[in-house]
Each structure stands twice: as C-alpha cells, then as structure tokens.
Amino acid sequence: MGYSSGNGPISLDIDYKNVRGLITSRTDGLYINNTQFINFGSTMTPLQSCSQCDNGNLWVTGGKTTTFRNITYINIQGNYIFWQIWRREIFIDVDGSLTNPALSLISPSPAQKANVSITAYRPSLNFDQHCYRLSSPLWNDSSFCDSPLRAILFANAMPAFVFAQSNIKVKSLSNPY
Amino acid sequence: MILTKADLSDEPQISILKHSMDIPGSWAMPFYSGQYFNVHWKWGLDFEHLSLAPSRLWTEKDAVVLRFNYSAYRELYEIAKWYKKAVQLPYIVKSDALVDPSSCINGDFFLDKNSSYLFVCVSGRNKTIREWTDINGIKCMYNCPLDNNTAVTK
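Protein chains in written order, with the working numbering: chain A, 1 to 177; chain B, 1001 to 1154.
Worth flagging that the hints you see were computed from the coordinates, not collected in a lab. Just so you know, even glycine gets a beta-carbon here, dropped at the ideal spot from N, CA and C. One or more hints might be untrue.
Each pair of labels, with its calculated beta carbon distance range [unchecked claim]: (1) VAL19(A) to TRP1043(B): 37 to 45 angstroms; (2) SER25(A) to PRO1024(B): 17 to 25 angstroms; (3) GLY29(A) to GLU1075(B): 36 to 44 angstroms; (4) ILE106(A) to GLU1048(B): 37 to 45 angstroms; (5) GLY6(A) to ILE1105(B): 55 to 63 angstroms; (6) TRP1043(B) to SER5(A): 56 to 64 angstroms; (7) GLY29(A) to HIS1019(B): 18 to 26 angstroms; (8) ASP54(A) to LYS1005(B): 21 to 29 angstroms; (9) ILE1105(B) to SER42(A): 44 to 52 angstroms; (10) TYR1091(B) to ASN18(A): 46 to 54 angstroms; (11) PHE161(A) to TYR1073(B): 18 to 26 angstroms.
Here chain A stands alone, though its shape is the one from the complex:
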C-alpha cells in the first residue's frame, strides 16, 4: 500500500517522494507472488531493484534475478520501476502481470506476453521483435524481452592487475563473424 485513501500526508509528492513499495534483494532467487501495489503517488515507485546496492560496502556484481507472478497495480500515478545504480538486475515475469502496463508502449504488441523478462536497457539486448526498448521514464529505460534473460558472471580474469577496474564490453552479433 502506497498511501491510504483519506489518510495520506498533506504534501504527498513531497513527503512520500522516492518511497518504494518493494525493493528486491542483492541475491538470486527471490520470488514475489500474489502482490498488489495500491495508491502510489507521482513521486512514489512500486518496484526497485537491488537493495542497498548504492552502498559501496554492500553492492554486488549484478545479474541478480527476481521472479514475479500475479502482480496487480491499482492507482499508480508515477513510474513503475527504478533500477538501482548499476542497472544489471533481471525481473522475470511468469504470467505477464508485472509488465502488463508496459505493453501499451510496444508497437506492434509482442506475441509473447508471459514468461517474459525486463531489465535495464543495454545495447547488447537489441533484438528486433524479441527485445523492445522501453525508453519511457515510467519503466526507467528498460528492455522488455520475450523470454527469460539469464545472467553470466565473468570472474578471475588474469593477469589480475591488468583487468582490475577494467570495463567489460558486450555486443550482440547478428552473425558470428
């Protein structure tokens, strides 16, 4: 529940600014089932990823996956998702309920609406008719894809001192060569 009808603060948008309904974990495997988000003002957001990942002592590498089923939205006046700082989390939508409000932003409407996933937009997820960019702030510039996205962790690159603090760069290939 964002705010109770008739019981909200005088200045809802100011007093409840950046309030979140649910913040997902820093680990894999969280499962959210049968959840309603009700009464979220224009500066409130039902969903946020990666709890405390803006904390330099606690942040994690990324790719953490949360699964959603039977999600309902009632009176959402602002944005639906906020991707925390590194923007690498995956939300899997088993029955299409999590991402249903986003379908109106995709044209033509995707054939696959269930067992889909959403993550922060990245160029490596540009796949025509399979992954769609939701550039709207309502979805915090996300990619909606017609199947579950999967995470890969790259680690132990050696020589270690050479790769320390190096950026990894990923590009999708239309053909292998």
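With chain A's structure known, arrange chain B on it following the hints.
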C-alpha cells in the same frame, strides 16, 4: 565493422568488498538466449585465465555463444568445468566446427586461429547447478618459439 559506443554494453568492474559476500573482481550482466555475443575488455586486453559462471537459473532451453577475440599469441585454450571445488578433468575437447547456441552444451568451444576468435558456449545443457567454466589461454605448449639466447654449439 566499426563498433561505436552505441553498439556496446559497457559494464564497469565494481570493487566488491569482503562483506558484500559477492565475487570480487567480476562482471555480470543479462544475456538473451539463442544468440552470439562478442565480449572484450577496453584496450583489447587478452586474458590468460577467465572463469564463466552462468547463474543457477539456466535451463536446458538456454544457451548463448560468447566470442572472445585475441591479439596475443595463443597456441591453444584449455577449458574445463569447475565444480565441487575442483577442476573437472579431462579438459573439454574442442569442437571442429563453430558452436551453435541452438544445440551446444555448456563448455563447448571452437577456436578459430585464422580469425583469432575463441567461441565458448554457455548453456544450461549438461550443466550442474553451481558449475563454472574455467578457460586458460596457453601461449605455447607444443610449438614454443626457440629462445633467441640459445647458444649455438659447433
């Protein structure tokens, strides 16, 4: 093909501290199954070792092929699975043909020396829950160049 910044997902390495309980010196991001991806580091760094860890959520339906290009000399790559806290020998036998995400199993790889490309399959097929793929780039093993300082005997 000239790559621009708009073509690349650019993921910085995050300095993981011990109490975050995550993997230090690592990178992670989402991938869409059934596709080929090129992976490289800034300035064209060539690894001598790399570990790949697909999450435990990968299923038999999921697979991607990662392409690593390299410029340093590499006679071969030794690739093996890593689980139960040990490298699982023998090493994976390299494929004679380009690996295909529609059919490859986890750890399959193809080395194209002519193009300096290493293709590695990451898949939920033939994969245990917490399995890593261990990749070692071998500069030389059977065809090492002669030492220039080798003395010539009469």
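Hint by hint, here is what the structure shows:
1. Checked against the hint of 37 to 45 angstroms, the pair VAL19(A) and TRP1043(B) passes, with Cβ atoms roughly 43 angstroms apart.
2. At about 20 angstroms, the beta-carbon gap between SER25(A) and PRO1024(B) stays in the expected band of 17 to 25 angstroms.
3. Remark: the range hint 36 to 44 angstroms for GLY29(A) to GLU1075(B) is upheld by a beta-carbon distance near 41 angstroms.
4. Here the CB-CB span from ILE106(A) to GLU1048(B) is close to 44 angstroms, well matched to the stated 37 to 45 angstroms.
5. Evaluation of the 55 to 63 angstroms hint for GLY6(A) and ILE1105(B) yields a pass: the beta carbon distance comes to about 59 angstroms.
6. Taken as a hint, the range 56 to 64 angstroms holds for the pair TRP1043(B) and SER5(A), whose Cβ atoms sit roughly 57 angstroms apart.
7. A hinted range of 18 to 26 angstroms for the beta carbons of GLY29(A) and HIS1019(B) is consistent with their spacing of about 21 angstroms.
8. As the Cβ distance of ASP54(A) to LYS1005(B) is approximately 25 angstroms, the hint placing it in 21 to 29 angstroms holds.
9. Between ILE1105(B) and SER42(A) the C-beta distance comes to about 50 angstroms, which sits within the given range of 44 to 52 angstroms.
10. At about 51 angstroms, the CB distance of TYR1091(B) to ASN18(A) agrees with the hint of 46 to 54 angstroms.
11. The supplied range of 18 to 26 angstroms is met by PHE161(A) and TYR1073(B), whose beta-carbon atoms lie about 21 angstroms from each other.
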